[in-house]
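**Student:** Just need the whole structure built from these sequences, with the hints factored in.
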Amino acid sequence: MTETAKARLAIDIGGTFTDFILEDAGGELHSFKTLTTHEDYTKAIATGIDRLLAASGIAVDGIGQVLHATTLGSNTLLERTGAKTGLITTKGFRDVLEIRDLRMPRLYDQDWDKPETLVRRRWRRVAGGRMLADGTEMTPLDEADIREAVAFLKAGGITSVAVCLINSYANPAHEIRAGEIIREMWPEVHLSLSCELLPEEGEYPRTSTCVINAYVQPVFKDYIARLKGLIAAKGIAAPLFFMQSNGGLTPAETAAEQPIHIIESGPAAGVVGASILGAATGTGTMITLDIGGTTAKAALVQDGQPGMATEFQVGGHVLQTERLLSGGGFSLRVPAIDLAEVGAGGGSIVARDAAGVPQVGPRSAGSNPGPVCYGNGGSELTVTDCNLVLGYLNENSIAGGEMVLDRAAAVAACEAQLAAPLGKAPEEAAQGVFALGCMTMIQAIRAVTTERGQDPRDFAVFAFGGNGPLFAAGIAETLGCAKVIVPPAPGVFSALGLLCAEIEIHKSRSFRRLLDGAAVADAQAALAEMATLAEAEAQRPGGRLTATARMRYAGQSSDLLVPLGDPAALTEAAMRAAFTAEHDAVFKFTAPEGEPVRITAIELCYALPVGRLDPNRRRLAREGAASTQRAFFGAAGWLDAPVIPRTALTEATGPCIVTDPDATTLVPPGAVARVTGTGSLEIVLAAKVAAAAEDRQAENA
Amino acid sequence: MTSDTDAAIADPIAFQLFRHAITGIANEMALTIFRTAYSGVLKNIMDYSTAICDREGRLAAQGLSLPGHLCSIPVALKATLAAMDEPVAEGDVLVMNDPYSGGMHLPDIFTFKPVFVAGEIVAYACAVCHHTDVGGRVAGSNASDSTEIFQEGIRIPPLKLYRRGEVDRTLMAMLESNVRMPDRLRGDLRGQLAACRIAEQGVQALAKTEGAEAFVARLDELMSYSEILTRNGIRNLPDGEFTFTDYIDDDGIDVGKPIPLVCTVRKSGERLVMDWTGTSPQVKGAINNTFSYTAAASYTAVKTVLGDGAPNNDGVFRAIEVIAPEGTIANAVMPAACAARGLTGFRMADCAFGAMAGLAPGRVLACSDGGNTNVSIGGYDAGRKPFIFVDFVSAAWGARPWKDGLEGNTTLFANMASYSTETVESENPVLITVNEFVDDSAGAGKFRGGVAMRRDYMLLEDEAVLSVRADRQAFRPWGLDGGHDGAAGINVMNPEGEAKKLVSKFTMTMRKGDVLSHCLPSGGGYGNPLERDPAAVAEDWLDDFVSTETARDVYGVILTPEGAVDLPATQARRAELAA
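Protein chains in written order, with this note's numbering: chain A, 1 to 701; chain B, 1001 to 1579.
These aren't lab readings, by the way, just hints derived from the structure by calculation. Fair warning: this is a prediction, and the values are worked out from it, not measured in the lab. Certain hints may be false.
[Unchecked claim] Think about it this way: if two alpha-carbon atoms lie no more than 27 Å apart in a straight line, the pair counts; the simulated DSSO-like pairs of lysine-lysine are: (1) A:K688 - B:K1512; (2) B:K1208 - A:K483; (3) B:K1403 - A:K84; (4) A:K234 - A:K221; (5) A:K43 - A:K91; (6) A:K91 - B:K1512; (7) B:K1403 - A:K114; (8) A:K43 - A:K221.
[Said to hold, decoys possible] Calculated Cβ distances over 10 Å to all of chain A for the following chain B residues: (9) P1067; (10) A1083; (11) T1147; (12) E1148; (13) F1150; (14) I1154; (15) E1210; (16) P1260; (17) K1284; (18) T1410; (19) E1436; (20) F1506; (21) D1543; (22) T1548; (23) P1561.
[To be verified] Covered by chain A, per the in silico footprint, the following chain B stretches (three or more residues, Cβ under 8 Å): (24) 1021 to 1032; (25) 1302 to 1313; (26) 1417 to 1424.
All C-beta atoms in this analysis are idealised placements derived from N, C-alpha and C, irrespective of residue type, glycine included.
**Tutor:** Below, the structure is given as structure tokens:
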């Protein structure tokens, strides 16, 4: 049997829970959820594997693949628990890593501090030698400087070294030579060279990316070795793949060398899953919305393809909504699914400012003490408390019924902290908080739609995470979207997403040329080289190749990412046409025909399927008992809303509340919810239902 | 039931929803310019601002933008509207860059688009962008040694760039033939207009949902909201009056003649006045401010100290009164040159912080590096193709009364990004030979200022015009409460060769292989250096931020050769220095 004809195991480590989904050879899904063991992630993984194998009755040799997403990278950066790292750079440029681009994400804040640099100045050493932007050597590398730096770092107890020299993207000779000297003097050190990781112009992003790799690499190598050991010890002989920030899988061995690609792996898996499940129901174009307890994350999927960013920031505590105010974290220039995040979720605290105006988040009650209604000692009013006041949550249906919420406490908190000061009834105040919560989370959606020149009304909202299904309809209504999709198992959906991904290896390099025939030929040669590298990292031949270029009109100072398709079929005319089309789509204008076009970088994606979840299977259907509760809907007032377990639903008209063990879906009045062939819940909003009815009447008349 | 929210805000929740919506539109404008801009000044340095003003021209909502542009838009819009001799119609776009018709300096071109709902103006969509070049005697239109505005580029009085959707071709042709890089001007203007168009659509949609009158009322609430928060913050400051005086080195024309800046803060109850009376008369060099820039510097200091998070709009301006007598460097009149007025604005922000520190000691940071400074290198390559490289840098903060100042971070009056060295080198005939911190340069204190930053530029073409606008080479960034002053800035030509020291502001010819070494000042310190934690001194020593000598003679900290603190020796040394 091939690996894909066997069962596939997906493991997603999150901040609170580690989620498992096992897809057996017949396509059935088995899931399990356990608390993340932060002191050693493999503990929870061991528990999960044992429990799932026992529950599903699958033998260890029946597992053909293990797919993995983890927050290890982002946690290592946030908590500063990486390797003791040194940096060798060009003389005169010792502080590139700390100067960054000078910018800060907060204005009018004299208390602002930059995120503490990953390599302190004392461990940043310099060497003479200089390349020019055109790749010619101005001054030869001072090898004595390199040797001195190595001796210094070695004596200082450094375990991982990054090397990034000015203009090494244009000519890597000095950097490669420095690497040879380091290897020769210090064979056991972890070594990251910027010219191998990111041969692209821009010394700060390249230095930062290289340093991040050096900083997390020893941690990942150790973790991957332990994880492989654990899997082998369980008797599973299956390849291990990691989810990358770009939504593709990569073999564990490649991930261990270049961990920069797996820093934000969990959120990416959810978006990939959404793109596959959405496409299977005929919805290739959507906004994905992942709402948890403290944050809401949004991404855009168009024609089945998640929107991509070429660079993002990690390791800061500043969320990535404000695209103009960078500097909150460290620049990481690797392709990644373009996710925007705001600090609003179920646990967000509702507070009033000095003018008495209520605010949702960014402070959160988290899971401990959590909302007032959890009864764990939380005293500040949260979004979840307000949802309970409104009757949008069922007291007895949380966490599969293992937890009972205290509605009276939520009402009392809402009354005292918000309703009375505003002179409103508690349910009116709570309704306001719901609307404000939607509006706050919409900021994340705006960042990936309107700010990218897209109209959110053209998209369906695909909602997951513990709180996504509750807010999705409210958000969709506010934005004017027609439809909401809630996948099966919304609370463990990122693990499901792992089963939907392909291997993807991305390569990029600077390529500064005016677009002409010769440039296209040279680009093709470079892309062929990149394809060879990518194939080796994928460890499997026969992948699909797609090229992308960063291009601009000659006078412009920023690039557009232009998809070019098969690199073998590139021509000058096709590249110009692709660029012009992209320019027109983004900027709504094109320059005159003869305006010179410049290429600044080329990228290659090598993609290969490794077995993909069949989305067109209805799974987990079971009977369940429905009940009814009162829920408040603004002008419509208090209405009776049926509470229906997801497994028992086929079609219903709102108001109603659909419960999963780990999430609650709100179907507002007049909206129609039905279960689709993929087991997803599709909600058509009231405005759309009415419009469709009008259309039918018009047809009949 | 009655609400205890301020009476000015009828429904706090509906208000908050509206605030998110309108702020979203203003931010989207800013992002549109960011996405569509052609020039690096907009893209990398983000020297632009966007806003939505109400129908009277008052600032209601501002997009992400430079603090230095804080109140420029409403001042410019009101002046432009007052100058119109025909009614403003739907589809019109107004344009203006004249400092003496409400503008700032010539590179900053304002565009205003009226937003109509049912035939009535409900708001204006506004954008101001710093354009790379607007003509004049020096490439980049930024020279600090011009002496009258006529040398600085093309002046655009308040005019209609579009009439009912039709571009004024005469005006466009005039503009294009008077600038060095018409493609860039066109490209950046296009982005600016796209931003106004997007705001027009957004505001119209919002006004439709809310109803035009309700929309206008909500804009009023938004301004009241900021006024409430700002006045609330002012109330919490101590009452009193404090005058702070600082000096600009000179104006680059009368070299060596200091220019006094005098800021008096008067605070009583919820009233706060920033009064620049006593400040120097306007000067010959191009560093004269128009009123809005002086006001922006004042608001930036007060807002930062209040830390109230009030949205930037007319409500803030109502709560803080700014006085700047006409004919001074703080409020220049015709025909003063003002292209390089950024320098004065930054220095005034620092001066305003100084006044606030006197009013509310312990709540205000010490003096920052006085930047941004500006280095422009421009000329023609062998093929007669023009190149212009314009760099702005500011990087060191003064110490905070509770912790060290930042280094390598844009100062509070701007949020500029620096260029990547590799991008500079691949696009210009310029080589950056040094871009790093200056060892042992911070203003000492219990909390030290940020260290200085140095950037060196080598010319690779045969010849170019070099123009530098720097300061704080004579008057150093001040420390507070016993903290030492920061280091002075310095310009040196060919530091590895003849090493000729230059003045702070100049324009000269640069030849192939010449290297300009530009050191910014460092930040001032806070508190007595002898009270600095010896462990912090040792850490700084390891990072070359202090030398063994500075540790010993300024901080009184004796370090072992490995960098450990010798505590008994340190105690003795500190007693000796304190005596």
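**Student:** Failing hints, ascending?
**Tutor:** 1, 5, 9, 18, 19, 21
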